[in-house]
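A.B. asks: Chain by chain, the residues run as shown.
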Amino acid sequence: MNILEVNRLSIAFGGLKAVDNFNIEIKKGQLYGLIGPNGAGKTTVFNLLTGVYKPDAGIIMLDGVNVAGKRTISICQAGIARTFQNIRLFTEMSVLDNVKVGLHNHHRYGIATGLFRLPGYFRAEKEMDERAMELLKVFDMEQYFDYKAANLPYGQQRKLEIARALATEPKLLLLDEPAAGMNPNETTELMEMIRFVRDTFDMTILLIEHDMKLVSGICEALTVLNFGQVLCQGETAEVLNDPEVIKAYLGE
Amino acid sequence: MKKLIGLSMAAVLAASLTACGGSNTAETTAATTDAAVAQEENEDGTGESAEEAPSGETFKIGMIGPLTGDAATYGLGVRNAVELAIKEVNEAGGMNGYQVEYKPEDDEHDPEKAINAYNALKDWNMQILIGAVTSKPCIAVSAESAADNLFQITPSGSAVECIAEPNVFRVCFSDPDQGKASAQYIAENKLATKIGVIYDSSTEYSTGILESFRPEAEAQGLEIVAEEAFTANNATDFSVQIDNCKEAGAELLFMPFYYTEASTVLKQCADKEFAPIFFGVDGMDGILSVKNFDTSLAEGVMLLTPFSADEAGSQAFVEAYKAAYSDTPNQFAADAYDAVYAVKAAIEQGNITPDMSVSDICEAMKVAMTEITIDGLTGSQMTWTEAGEPNKEPKAAKIENGAYVMQ
Amino acid sequence: MNSVKRKKLIDNLFTYGLVVFCWIAVQALSATGHMTNQINGLLVPICMYVILAVSLNLTVGISGELSLGHAGFMCVGAFSGSFFTKLMAEAIPSLQARFIIALVIGALTAAFFGVIIGIPVLRLRGDYLAIVTLAFGEIIKNVMNVIYVGVDNGMLRIAMEKKANLNLSENGRVIIEGAMGITKTPKASTFTIGIVLVLITLFIVQNLINSRTGRAIMAIRDNRIAAESVGLNITKYKLLAFSVSASLAGMAGVLYSHNLASLAAEKFDYNMSILILVYVVLGGIGNIRGSIISAIVLTLLPELLRGMNNYRMLIYAIVLIIMMIANSAPSAIAARERLLEKFQRKNTKEAA
Amino acid sequence: MSFLSCLISGISLGSIYAIIALGYTMVYGIAKMLNFAHGDIIMVGAFAAYTIVSTLGMPPILGVIVAVAVCTLLGVTVERIAYKPLRGASSLAVLITAIGVSYLLQNLALLIFSANPQKFQSVVNLPALKLAGGELSVSAVTIITVVTCLVVMFCLTSFINKTKKGQAMLAVSEDRGAATLMGINVNGTIALTFAIGSALAAIAGVLYCSAYDTLTPYIGSMPGIKAFTAAVFGGIGSIPGAFIGGIILGIIEQLAKKYISSQLADAIVFAVLIIVLLVRPSGILGKKTNEKV
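Residue numbers (the working numbering), protein chains in the order written: chain R, 1 to 252; chain L, 1001 to 1407; chain E, 2001 to 2352; chain D, 3001 to 3293.
Warning: the hint list may mix true and false statements.
Unchecked claim - Covered stretches of chain R (chain E as the covering partner; in silico rule of three or more C-beta atoms under 8 Å from a C-beta of chain E):
#, segment
1, 63–77
2, 86–93
3, 165–176
4, 198–209
Unchecked claim - Listed next, the in silico PhoX-like pairs over lysine-lysine satisfying Cα-Cα at most 20 Å (straight line):
#, chain 1, residue 1, chain 2, residue 2
5, D, LYS3130, L, LYS1246
6, L, LYS1103, L, LYS1087
7, E, LYS2184, R, LYS126
8, L, LYS1322, D, LYS3164
9, E, LYS2236, R, LYS148
10, R, LYS28, E, LYS2007
11, E, LYS2008, R, LYS148
12, R, LYS137, E, LYS2005
13, R, LYS126, E, LYS2007
14, R, LYS126, R, LYS137
15, R, LYS70, E, LYS2236
16, E, LYS2236, R, LYS126
17, D, LYS3084, L, LYS1272
18, L, LYS1190, L, LYS1322
19, L, LYS1272, D, LYS3130
20, L, LYS1291, D, LYS3119
21, R, LYS70, R, LYS137
These are computed hints drawn from the structure, not numbers from a lab.
Glycine included, every Cβ here is placed at the ideal spot set by N, Cα and C.
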């Protein structure tokens, strides 16, 4: 059963076809990699999937619902969450609050409940605290819960971003270069963590990555993007041995 | 925490500055959270209880007006004139035999600050208030002084509401009176029938005069052919307003606003070769004393004013004022000067002494004010009604050869 | 985690406590006759400025939008509140009752303006938002300066530019009179009411910040794109913060207008907005207690400097510049931290 | 004819706004701060010229030179003392400091020159130009103002595009960090910007007071705010934008007074500004900055 089916997704910026006829199929629970040289349009695909850009054409079927062209908020609610290439945390807020913002749409109470501290407030806040701590524990970050997000070390910030994305209870998690700026040890740790997340949350994950060790280590399938077009698609081992892919990466 | 340090610095600074300022004998107590508390603790003996027991040897007269800010030129005139008059009075033996102490406070032409100034003066045990200079602060203060039953006389608060309280009197004309009188004067002297108006829609002074000018002009058979406004925010370029009046064929330009803007309007009219009869109100008075003003521009300007710096009767005052402040007094100063002498006359009429309570002084003053007649700078044989309005004739002046000539 | 929560709770309670302490201190001082008229007269304005500073902090500090039009909302609140009090003088004889309703009306009117202004302008950012809010404040001021509202035979009449346009009948009365504004609003504001309003403001702002809504507002401030990606409705929360802030400013406006017998639009120009912004920035952006303290100190400062006459505002300006540099300059902060460190080291050495 | 005359007065008013706005926009572009004290520099310039010309009776041209010198010095000094220590602090902190400087300058002027309005004798003593058989008269100040504005605009543009210092300014405004790495003296460049901006303010002050002749310690604040509006209108940070913004603002203000309502002219100017910004959120010539995701 496919959780994500994308068909003929295209967008152009002033004549430049940034993404052209992009197709992808991701099965539930799959760990899928999106790779390609710099400027191939990978992040643009993420931006299309999450509604930051509106596609010129194409369909994005998420769990049987077309979300193409919808607003970011609706897409988030439909079940796609993401992290960013250049980390985007709520820097002035605590680590715990960052995760609690992710829980925003799942633990609701009205403004009046919050203002007047009605019982619903305490109930919901307690649930949120517990849930957020659980998530932080997954990433081994519970001891940092009252740190200001901006004060976390780089690697922890990346993890926090993933935790926040998971808090929105997505069906599909998009990770944009999660290993960027990490040392080999951290990367190994991250790989294990991504796998762990997939297993514990039964999550489907699509990730953009340049680190081939990570890609070959955890991705089950790959799509290679070059100049906005799909160059090659299939199981990781096959794709990585494809001469076209090697050419695109190493040049002529 | 860091912020707290900064703020406590401020508090210390504030407290210490007040200490050297001399008004209060505050010690430099650094209360981080509440400088007020620190202040209050050092205010022994000057609290409310003290108010009831003034020294009994001198009258304490306070003054409120804009000493800084956009309207400062009016407030400073009043402050100086009151100071001058009180000095004269003291030298001549005081009021009813008692010396007079005097203290001015700044209100920045802001009702809120005027109340602060009033309260500061109350702490000083003020017994009589001259002020506030401008209408809105005056109205705000009058509500407070009425509650305290403290006698107040405003030299120049011209809005109707300024003297709505029974304890408030004024020296100047009210705005509606001026508007009405202006229309009547224009009609009676057949100066013109087609009238253009430029006015300041952001001040109550200007709109107040115009509101009463309009119906009266109509009743007198005058035609208002153009009515152009400006506001405090764009009181620099009047070319559009002038053009419109010119095109409408105005023979007389009615200018119910202050001389500061009037001097600019006159210059721009000259640039545009628009030369109707210019007709101003008491706010126009002072135009000749604007530094570096080319007085030839004001040649032929008419204005209704009770005071003229060039008149024989006011020579002594003008000389003394010039000597003391190297500045020519305007009509605000003249009104203020008269206010002091009115207070003096009333105190002597009612045989008021400084040891009386504020409320008793007020009651006595209210009666005495209606009984006195004074010859002042701004009118001869001035009397006051019970409502606080002065009885004096508005006089028309015309500027000829760079001097006001009474008509 | 509970300790952190408790710390926050204590922190909040401390802020309330500070306000209540001020009230008790003032009551004690006036009971023992240690209160000067000057300070007494400043109590209501201080409450008003505290409310304004705290509410602007909600926009500037918590929501991260630079607004230079706060005085405009205050203006709207002041006029609508005063208008109601004067209009209903006969219908509702109790001044207290009218005042309380006026507070609500002022807050609601300002909130309404907050929403209708917020919808178009909150799309703009940074300095563009600043100039647009400034522009709105000036428009409100300019329009209030030329508007006339009167009442006759139970009918409201509104006109622009001149009183005669109202066509009032003989028994009519003018309530809002152009540049003159509203005069003789009965004095209903007291220090106790002011303190209650400050507490209400604190209650609203602090509870808002520490709730789901507040987190959403702050998240949008910190990173709009990330906030959107986790499913936050940007417009809704920005607008919410803006209009709550506006309504509190409106309430402060009613407090203002019921403290003075003269209410005119000219008071509410951009200088007023900037004055409130000074309180917020000096108290610390996003720091509620800081806003309270700086509003108190900076309201008192020029008044306590009255003895200095002409030098008063000059000193105020110099103090302002020095405080800004001492508080915000990176080098000053570093120097202060070094000093603190040295001090702490010394303390620990002594302890040892 | 009356429309033309209205238009001309609008252009004249707009030219002054434009000169002030040029200073505003330069300082904003390079130092990234809203210099609320800019308007008060205008006032200082006007008072300096006033002292030379009216009080000391020297020739007007000397007045202009002294005004420019005084303001340049003042601008650089203020930058050095009040703004430089705050480099790296939040932009709001700098904004508030600028307001403090504004209060300071106003109150200093109040102490020195008193609050009484003084008449500024125009530095231009030429007859007005008559057009269309005398029906349309354009004052000499207007012509000089417009010409000055164009010259200033031209000089600024060529300075920035053609000289090394100008290029350094551009670099600093684009990316301060990168400029430092390129070996550009950032502090020096910012000081130079303040010097130029303040010199422009001095010229604007002299022209403003020549046209509208009244001088008080508070005259700077309103043109300051209007020029700020003009700068934003044209797209803050953009030099041609400030020019166009200033001229358009002046014209709208005069036309609104003439054809809509002289009472509501301020409101109309600001309403137009809001509408323009809603349609073009970065002003007429402003750079559109889309945050990259």
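A.B. asks: Run every hint past the structure and note whether it holds.
C.D. replies: Okay, the hints, checked on the actual structure:
Counting residues of the segment 63–77 of chain R whose CB lies closer than 8 Å to any CB of chain E gives 4, so the stated coverage by that chain holds, three being the minimum. Residue count for the segment 86–93 of chain R with a Cβ under 8 Å from a Cβ of chain E: 6. That meets the three needed, and the coverage hint holds. Interface restraint, the segment 165–176 of chain R with chain E: holds (3 residues with C-beta to C-beta distance below 8 Å; minimum three). As drawn, the segment 198–209 of chain R meets chain E at 0 residues by the rule of a beta-carbon pair under 8 Å; below three, the given contact is violated.
A distance of roughly 17 Å separates the Cα atoms of LYS3130(D) and LYS1246(L); the hinted pair therefore holds under the 20 Å criterion. Note on LYS1103(L) and LYS1087(L): the hinted pairing holds, with a Cα-Cα distance of about 12 Å set against a maximum of 20 Å. A C-alpha spacing of about 52 Å is found between LYS2184(E) and LYS126(R), which places the hinted pair above 20 Å, so the restraint is violated. Taking the CA atoms of LYS1322(L) and LYS3164(D), the gap is about 57 Å. The hint is violated against a cut of 20 Å.
Using a Cα cut-off of 20 Å, the hinted pair LYS2236(E) and LYS148(R) is violated, with the two alpha carbons roughly 26 Å apart. Of the supplied pair hints, the one linking LYS28(R) and LYS2007(E) is violated, its CA atoms being roughly 44 Å apart against a limit of 20 Å. For the given pair, LYS2008(E) sits about 14 Å from LYS148(R) by alpha-carbon distance, which is consistent with the 20 Å threshold. At roughly 19 Å between alpha-carbon atoms, LYS137(R) and LYS2005(E) fall within 20 Å of each other, so this suggested pair holds.
Simply put, LYS126(R) and LYS2007(E) have alpha-carbon atoms about 17 Å apart, close enough for the 20 Å limit, and the pair holds. Pair hint LYS126(R) plus LYS137(R) holds up; C-alpha atoms about 16 Å apart against a cutoff of 20 Å. With a C-alpha separation of about 18 Å, the suggested pairing of LYS70(R) with LYS2236(E) holds against the 20 Å cut-off. Annotation: proposed proximity of LYS2236(E) to LYS126(R) is violated, straight-line Cα distance about 25 Å (limit 20 Å).
Straight-line distance between C-alpha atoms of LYS3084(D) and LYS1272(L) comes to about 47 Å, which puts the hinted pair past the 20 Å bound. Pair hint LYS1190(L) plus LYS1322(L) does not hold up; C-alpha atoms about 37 Å apart against a cutoff of 20 Å. Note on LYS1272(L) and LYS3130(D): the hinted pairing holds, with a Cα-Cα distance of about 11 Å set against a maximum of 20 Å. Between the alpha carbons of LYS1291(L) and LYS3119(D) the distance comes to roughly 6 Å, so the proposed pair stays at or under 20 Å and holds.
Pair hint LYS70(R) plus LYS137(R) does not hold up; C-alpha atoms about 33 Å apart against a cutoff of 20 Å.
Of the numbered hints stated above, those contradicted by the structure are hints 4, 7, 8, 9, 10, 16, 17, 18, 21, listed in ascending order.
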